[in-house]
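Visitor: Let the hints inform the model, and build the full structure from the sequences given.
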Amino acid sequence: MASRAPALGGYGVRMDHGGTVLIDRERIRARVHQMGQALSDDLASALEREGHDALSHPDRIVMMPIMTGAMVFTADLIREMPLKLSIRLVTVSSYPGQSTESKGASLRGALPKDLGGRHVVLIDDILDTGRTLKLVRDLVVEQGPASVRSCVLLNKPERREADITAEHVGFDIPDEFVVGYGLDFDGFYRNVPDIVSLSEKAQGTGH
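Residue numbers for the sequence shown follow the numbering used here, beginning at 6 and rising by one.
I should point out that these hints are in silico values taken from the structure, not numbers from a laboratory.
Treat the hints with care, since some could be wrong.
List time: in silico BS3-like cross-link candidates among lysine-lysine, alpha-carbon distance up to 27 Å [said to hold, decoys possible]:
#1 LYS118 to LYS89
#2 LYS139 to LYS118
#3 LYS161 to LYS139
Guide: And the structure:
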């Protein structure tokens with residue numbers, strides 16, 4: 006059962022907006038451990054089918070976190086993966102209510118150009134409308150990778166607009182505004198260790 010977030014979040018993070026703990030840090034920790042193991046098994050199997058040793062081909066696996074929200078999740082996830090891998094960062098800006106080529110998301114900077122023939126894992130904090138993940142995935146596919154997988158901590162199936170799913174999902178959650186563990190509200194609360202749901206009233210209070 007969800008519990009009320011304390012006035013002071015974990016590690017002294019002040020939650021001025023209150024909120025309700027949707028997923029606590031212990032559940033997150035346990036689930037990320039499971040996800041790291043499952044993703045490692047998935048990638049190792051893919052490499053073995055190609056005749057490669059998963060522990061000795063670091064150039065074959067590329068983890069690509071979508072910044073900035075995925076930074077906390079990525080840091081914990083890769084420490085649960087006993088594989089040699091490399092990391093390439095990608096930054097995407099969202100534009101609610103505006104029409105762009107991606108219908109709501111725009112790539113900031115250039116996408117890494119060395120993805121051909123590699124197993125790419127896109128990592129994001131939350132799969133919401135799906136616009137961001139689809140934008141990045143489509144651009145990666147154009148480079149001819151060996152495979153593309155998506156790994157997200159949170160999934161809001163009710164919000165989906167783009168035709169996309171994630172192969173590895175931590176938690177399905179309802180259509181609520183959440184912060185913590187990398188997710189922010191107006192730039193704040195990324196360092197809260199739990200996933201906290203903010204009410205519409207709390208969102209409208211400002212800082």
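Visitor: The structure should be examined with respect to each hint, and the outcome stated for every one.
Guide: Verification of the supplied hints:
no. : hint             : verdict
1   : LYS118 to LYS89  : 20 Å, holds
2   : LYS139 to LYS118 : 18 Å, holds
3   : LYS161 to LYS139 : 15 Å, holds
In this structure, none of the earlier numbered hints is contradicted; all agree with it.
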